[in-house]
Amino acid sequence: PTQVQTAHSTIRQTLAKMYDEDIAQTVRIQYGGSVQPNTIQSLMNMSDVDGALVGGASLTSDSFTRIIHQSTPSAITTI
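If you read the sequence shown in the working numbering, its first letter stands for residue 138, the second for the next number, and so on.
Don't take every hint at face value.
Claimed, not checked - FRET-style restraints, in silico, Cβ to Cβ:
| id | residue 1 | residue 2 | range |
| --- | --- | --- | --- |
| 1 | T163 | T139 | 20 to 30 Å |
| 2 | S200 | V141 | 30 to 40 Å |
| 3 | H206 | M155 | 17 to 27 Å |
| 4 | I160 | R203 | 31 to 41 Å |
Just so you know, the hints here were simulated from the structure itself, not pulled from any lab data. Glycine is no exception: its CB is placed at the ideal position from the N, C-alpha and C atoms.
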């Protein structure tokens with residue numbers, strides 16, 4: 138988990154240097170690693186993780202439903 142926050146923070150800092158702080162804070166940085174029902178909550182509590190790309194865990198309704206319920210409301214984006 139520490140590596141995830143560090144990587145996302147580095148991305149945000151790089152955006153701030155390349156553009157400005159407003160843009161860095163506006164860009165949504167999503168986690169693209171392994172997301173499971175038992176890891177989603179800690180990921181979504183990280184200050185620089187704005188969402189997650191759920192892969193294989195979305196293939197079963199039970200797993201996907203648990204991920205949704207354990208996510209924070211702001212992490213859920215509809216398309």
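To see whether the hints hold, each was checked on the structure:
no.: 1; hint: T163 with T139: 20 to 30 Å; in the structure: holds (25 Å)
no.: 2; hint: S200 with V141: 30 to 40 Å; in the structure: violated (20 Å)
no.: 3; hint: H206 with M155: 17 to 27 Å; in the structure: violated (37 Å)
no.: 4; hint: I160 with R203: 31 to 41 Å; in the structure: holds (34 Å)
This entry does not satisfy hints 2, 3, going by the numbered hints stated previously.
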